[in-house]
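Asker: Listed below, chain by chain, are the residues.
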Amino acid sequence: MRTSVDQSRQVRATAATALLAGFVLTALIAIMVKGLPSMTGVLSPSMLKIVWFTILQSALSTLISIALAVPLAFFLDQLRDLPLRPWIIGLFALPLSMPVIVGVMAILSLLGRNGWLAELATMLGFNFKPNIYGLDGILLAHVFFNLPLAARLLLSALDATPDAHWKLAESLKFGTMDKFRTVSWPALSAALPGTAGLIFLLCLTSFAVVVILGGGPAATTLEVAIYHSLTFDLDLGRAAVLTIFQVVIVSLVLAAMRGLSTAPAAAITVIAQGRRFTRNSAGARVIGSTLIVMSALFVAAPFLAILLGGISADHREILGSPVFREALSTSLAVSFCAAFLATLLASALVAGTLRPRLKVSRLAPVFAVTPNLILAFSPIMLGTGWFIVASKFGNPFQFAVPLVIAVNALMALPFAYRQIEPAFAAAALRHDRLSESLRISGWTRLRVIDLPTLRRPLLSAFSFAMALSFGDLGVVTLFGSDGLLTLPALLFAKMGSYRGGDANAIALYLTVLSIGLVILANTLRGERDVT
Amino acid sequence: MSPKGASVSLDHVEFGYAETRVHFDVHIDAGSFVAVTGPSGSGKTTMLNLVAGFETPERGAVKIDGVDVTSTFASQRPVSFLFQENNLFSHLSVSDNVALGISPSLRLTGDQNRRVLESLDRVEMSDKAARLPAQLSGGERQRAALARVLVQENPILLMDEPFASLGPNLRLEMSILVKELQAEHAMTVLLVTHHPSEIADIAPLLCFVEAGRVAAFGPTAQLLSAQGPPSLRQYLGADSQIR
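The listed protein sequences correspond, in order, to chains A and B.
Note that this note's numbering gives residue 320 to position 309 of the first sequence, counting from 1, and the numbers run on in steps of one.
Note that this note's numbering gives residue 936 to position 148 of the second sequence, counting from 1, and the numbers run on in steps of one.
Don't read these hints as lab results, they were simulated from the structure.
Here the structure is a predicted model, which means the values were calculated and not measured.
Cβ atoms here follow ideal geometry from the backbone N, Cα and C, with glycine treated the same way.
Any given hint might turn out to be false.
Estimated spans, in silico, between C-beta atoms of each pair [as the list claims (entries may be wrong)]: (1) B:Arg809 to A:Arg96: 21 to 31 Å; (2) B:Glu846 to A:Asn125: 55 to 65 Å; (3) A:Ser292 to B:Gly829: 31 to 41 Å.
Going by beta-carbon spacing under 7 Å, a handful of chain A positions derived as facing chain B [what the hints assert, rightly or not]: (4) Asp170; (5) Pro173; (6) Ala175; (7) His176; (8) Lys178; (9) Ser182; (10) Leu183; (11) Lys184; (12) Phe185; (13) Asp189; (14) Thr193; (15) Pro197; (16) Phe288; (17) Arg290.
Next up, chain A with everything else stripped away, as it sits in the complex (with noise of 0.2 Å):
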């Protein structure tokens, strides 16, 4: 028997599932129609250069970051007792909340031609002038990202092997490698497709990363080639042949995925308290401990660059500055907005994925799997089809504003969807034959029952995707005109300016607002009423 209650969470669910397919599907048309006529001589020598480069980049990326995950993971799993250890932990997830845009300069900060590297060396009576551009670069700031989160991820699945298999391996007298082999490596390697195609995915589309540091033609994806194309050629036909390109490679990785069955958990928190039981040899306590070490120190090196950086700038001048306040101020305004916008989207998925009643809806299952299938989609990728769509109707630039707050609330959706969905099936689990049998429905229930319970999620959700929308620099540089200037977009100019005193501030800035607002989404979740 289906419900009131049941009926008006399939209807919101099919709303949002309704509205997001037909965003995303009048950007692909758009393209689609753009580009089609343009196909003729798509595979000439500097096309097909773009998207080699793309799959070479994200390929070499996704190796170095599980070749040097697995061990990581396996040590940290083991390593239980190392002193900081739970720092360090918290520590890998930081790169997950930092802006991109931020990272990258933490990076040329560090290793670029004037870094510190090079001053260091310079000190030492050394001329080394490191260059960092081009694929090394892309590589090494794709590490950075990367490797803390597939870390966690593996870390994530080890943590959920058995204690008795632990106990097992001390008593059958199990070596290091041993218990590599025979206990971790099975949870691994069935964590390690989801995780790799993950990260495959990311830096196929990453977009800041490699529009500062892929310097030229000879290192460029197609995400940054659509932005080229757009920008600087304003050749519309082009950018929507690289779309194609881009949707169809996604498509492949995702359907690869799908076809292994093997979707990361969201492990955004990672928990690792339990016991291992066993003991490792001197030499494999020296050869762990030394890799978390040098891994936590290639993860913190930029966070100290920034802050070094940004605390010796010029603060009274930049919080003086109309252009600071007024990319700050939009900044807010446009992140919130589309945190609100994802945060509601993301209700009203989840709500059509809740069975109260054991009978769950034939659509449920889509209903679950949208948000995930919205990260096949760049923000490029959906900006180049609305761009197109918007051209129609005159100057895309005035569209600007809702265009960038609805993408940036499609990136964050399955960020959100993740974090409210246990929630709201704990709560719909002990709330609704309650609320049923007493005949609350509708705003009253909403009122009186649901915002209460869920507050906290929901808040957590909203945090979340404001942090993600806040820092992001993708779709904004498309549509980026005088009339919208983000805080991210105006450190990139700052970048390109060579105003560093300025950029230092600004990325500091960033940094402590994305990260403050993500360990708030991390305190509200934690503390929540329901789960």
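Once you have looked at the hints, place chain B on chain A.
Answerer: Same frame as chain A, now just chain B:
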């Protein structure tokens, strides 16, 4: 395959976890079969973990055959363990799971391979040697784990509710098998169980743990009789169940 049992002593062993504290002072003779029972959270599993070396006492001593092993690592104690579940590694075949008891690297000599097959034969699993654990029933999985215990040739076997997830018939069947293996190899066995029938049928000795202490230890028949401690009779429920 001829392990001989070893005695086990917990001499004024004290240990704490969360808000629970245990204090054990008990001696078990070599070759004994002891059923360890008591309410949930009373410290039964902790007792086994202390003997195995998975927990280290805060005070007191754990002795095996009179030798103080308190600071000896679990891997160096002559102890085999059988859990309620997850005794087998799911990606390894039954024979490989058994072979781990001889060599963690799974590099076995011809003789060692023969030992694996003999032990599988003993638990009537030789025809399922190539199967993966997922292709076995719950009882078969525990039989395979018992085969590994046999190749380990340790004098002490600790079992933490190993048959709890099995049906009554299988539980009885497995209990009989364990009893036979214990008799054949003269192992010292500590079996944690909540089932009065298992206690009465296969364990000549009974250790009743209550609130982190050994409340009663002695011959099963005596403790289960009318002269036994009332708290044990109350815990085990109706007298008819015991009979």
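Asker: Return the status of the interface hint for histidine 176 (chain A): holds when the least beta-carbon distance to chain B is below 7 Å, violated otherwise.
Answerer: The hint holds - histidine 176 (chain A) has a Cβ within 7 Å of chain B, the shortest such distance being about 6 Å.
Asker: Double-check lysine 184 (chain A) for me: the hint is only fine if its C-beta lies closer than 7 Å to a C-beta in chain B.
Answerer: The hint holds - lysine 184 (chain A) has a Cβ within 7 Å of chain B, the shortest such distance being about 5 Å.
Asker: Against chain B, with CB atoms and a cut of 7 Å, does the hint on phenylalanine 185 (chain A) hold up?
Answerer: holds, 5 Å
Asker: Interface hint check: proline 173 (chain A), Cβ to nearest Cβ on chain B, cutoff 7 Å. Holds or violated?
Answerer: Holds: closest Cβ of chain B sits about 4 Å from proline 173 (chain A), inside 7 Å.
Asker: Checking hints one by one. Is alanine 175 (chain A) an interface residue toward chain B, by the C-beta closer than 7 Å rule?
Answerer: Holds, because the Cβ-Cβ distance from alanine 175 (chain A) to chain B comes to roughly 4 Å (cut-off 7 Å).
Asker: Tell me if the beta carbons of glutamate 846 (chain B) and asparagine 125 (chain A) are separated by a distance inside 55 to 65 Å.
Answerer: Given about 58 Å between the Cβ atoms, the range holds.
Asker: Taking the CB of serine 292 (chain A) and the CB of glycine 829 (chain B), does the distance hold inside 31 to 41 Å?
Answerer: Cβ of serine 292 (chain A) to Cβ of glycine 829 (chain B): about 35 Å, so the range 31 to 41 Å holds.
Asker: Does lysine 178 (chain A) hold up as a contact with chain B if the rule is Cβ-Cβ below 7 Å?
Answerer: holds, 6 Å
Asker: Holds or violated: is there a CB of chain B closer than 7 Å to the CB of serine 182 (chain A)?
Answerer: holds, 5 Å
Asker: Taking the least C-beta to C-beta distance, is threonine 193 (chain A) closer than 7 Å to chain B?
Answerer: holds, 6 Å
Asker: Min Cβ distance, arginine 290 (chain A) to chain B: is it shorter than 7 Å?
Answerer: Because about 6 Å separates arginine 290 (chain A) from the closest Cβ in chain B, which is inside the 7 Å limit, the hint holds.
Asker: Under 7 Å, Cβ to Cβ, is where leucine 183 (chain A) needs to be relative to chain B, so tell me if that hint holds or is violated.
Answerer: OK, holds: leucine 183 (chain A) within 7 Å of chain B, min 5 Å.
Hint 4 from the earlier list is the only one contradicted by this structure; the remaining hints agree with it.
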